[in-house]
Amino acid sequence: MNIGLGYALFVSVVCAFFGWTNYGFVNLQTTKPVVCGALVGLILGDLRTGIIIGGTLTLVYMGVQGVGAAIPVNATTATTVTTALCIITGVEMETAIAIAVPVSVMGQLGRMAAWTINTPLMHIADKYAETADYKKMTRLQLVGSLVFFITEFIPVFLCIYFGSSFVTMVNENMPVWISEWLSAATGMLPALGFGMLLAMMYKVKYIPFFIVGFVMCAVFGGSLLAIALLGVSMAIFVFFFGPQGKRRKGGAM
Amino acid sequence: MTENRMEQPMNENKIISLDRKELMGVFLRFSCFPMVTINYERFQTLQYFSALAPVLKKLYPNKEDQISAAKRHMAFYNTTPEWMGFTLGMNCAQEEQIANMPQGEERSALEDSVNTIKASLMGPLAGIGDSLRATVEAIIGALAAGFAMNGSIFGAILFFVLGNAYYFGISYFGFFYTYKNGMKVIRDMNKSGILDRLMESATILGMTAVGALIPSWVGFKLTSAIQIGDYVLNIQQELDNIIPGLAPLALTICLAWLYKKNISSLKLVGLIFVFSLIISLIL
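Order-wise, the sequence lines are chains A and B.
The first sequence maps to residues 0 to 252 in numbering that gives the first Met the number 0.
The second sequence maps to residues 0 to 282 in numbering that gives the first Met the number 0.
Some hints here could point you the wrong way.
[Claimed, not checked] Selected chain B positions facing chain A (Cβ under 8 angstroms, derived; list incomplete):
| no. | residue |
| --- | --- |
| 1 | LYS62 |
| 2 | LEU142 |
| 3 | LEU204 |
| 4 | MET206 |
[What the hints assert, rightly or not] A short, non-exhaustive set of chain B residues, derived as facing chain A with CB atoms under 10 angstroms:
| no. | residue |
| --- | --- |
| 5 | PHE42 |
| 6 | ALA137 |
| 7 | GLY205 |
| 8 | ILE278 |
Derived by calculation from the structure, the hints in this document are not laboratory data.
Please read these numbers as outputs of a predicted model, since none were measured by experiment.
Glycine included, every Cβ here is placed at the ideal spot set by N, Cα and C.
The task is simple: from the sequences and hints, build the whole structure.
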């Protein structure tokens, strides 16, 4: 399916808007997959698809965090573009989610470009600082904001405009084994998110809590909210009765 | 004599102080726009300055002080956005103090300490901030994703509300608390070990949640059966007899281990695709 240029531009503006928010606009958590997926779905007229894709990609990109100066793969671009393409082309969600991976890298490249393009702003700001021109210094923010929008819009537009016909073509001629493969892969992808989280938090002393959570869910079939409450109570217990808590009160056992 | 000297600057030009509205302005500017001009050279520096700009302008009516204040705040700064408030609050208090001091050695020492505080605290704050946020977002995200994958809009609302409550809560607390209490806060927090214990508690909650998430949300089932003579080996059933959710658990631990070995997440995604191809072809 070929979509018109006008519609592609509209969809791209919608998608790029959410990727732009936490950098160029007010930082309101609208870049998180579960939120922006639902919002893109709402605007494009298929809320349910947006919600489910957002939820799935939240799990996939769970461990992906911008730590220090590194720019991670762009989960927002992945979610908005995947949701939009899924709604436009009407492909299965499992197939659409496989698109997320290359798109997230495109989004990451866009962010890196923005960080690079913004660098000269510092030298301009230095020059204004010599004459204490506060107004011009703070106005540079508008430039930064614009840069973030453009660098988000370009990869999104490329993915939407060329991606839609590509996805439709692939989908129409897709043998069964490929769709089986993709649905197996998207089922496994959340394991990466959890694996990265696990690697980040791992210490031997935390293993018992991990096992409790696992067993409560896998064997006893507890709901996530119930297990989270159990986790909260263990966390509170350790906060007040843990070894450091005792040391603080003077080392008395 | 002493009393006279103390009162002198007060009589000449009255004490300049920041009111609630101006402080609120700083809070809103840094929390809403923490990264607009972020760049590879000096990261959040210009945002930090922009948040303070109106306050600096009020505190320093004369041009020369404005120039030196602007230059002072153009030094490198970068930390986790919601933890910016911890240094901004202290800096506001300091700048207020500087503005009411006569020129001299004492004043320039205090001017230097503005950047000392920024530079020495931004690293530790980012260390706490990044890992605490990762844990908090994992928990909120997991709960929200649970609702979302059943098609409920409540997941998105839950994340939006709790995520913003966390972000603006930390920002607000950090900024106003350190403005009032200055350096003491961080020192007290470090001494009592409260931050360490907070991190530990958050990690415990995070580990419990991740443990519960794996069997619910990792889809990894070996559905086919292998027939050997009369005997039918149903792999998934055998695995479930050992303990349900064993296959997702093994997969996740493998990926965590590989990630710890510094294999990039993108390579691991590739690995998942290859592995799932093999699984879907053979089994």
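Hint-by-hint comparison with the structure:
1. Interface hint at LYS62 of chain B: satisfied, since its Cβ lies 6 angstroms from the closest Cβ of chain A, which is below the 8 angstroms cut-off.
2. Hint on LEU142 of chain B holds. Least Cβ distance to chain A is approximately 6 angstroms, under the 8 angstroms limit.
3. For the restraint placing LEU204 of chain B at the interface with chain A, the shortest Cβ-Cβ distance is roughly 4 angstroms, inside the 8 angstroms limit, so the hint holds.
4. Checking MET206 of chain B against chain A: minimum C-beta separation of about 4 angstroms stays under 8 angstroms; hint holds.
5. For PHE42 of chain B, the interface hint holds, since its Cβ comes within 10 angstroms of a Cβ in chain A; the closest pair sits about 7 angstroms apart.
6. Below 10 angstroms, beta-carbon pairs count as interface contacts, and ALA137 of chain B has one with chain A at about 5 angstroms; its hint therefore holds.
7. The beta carbon of GLY205 of chain B comes within 5 angstroms of a beta carbon in chain A, closer than 10 angstroms, and the hint placing it at the interface holds.
8. The criterion of a C-beta within 10 angstroms of any C-beta in chain A is met by ILE278 of chain B, whose closest approach is roughly 6 angstroms, and the hint holds.
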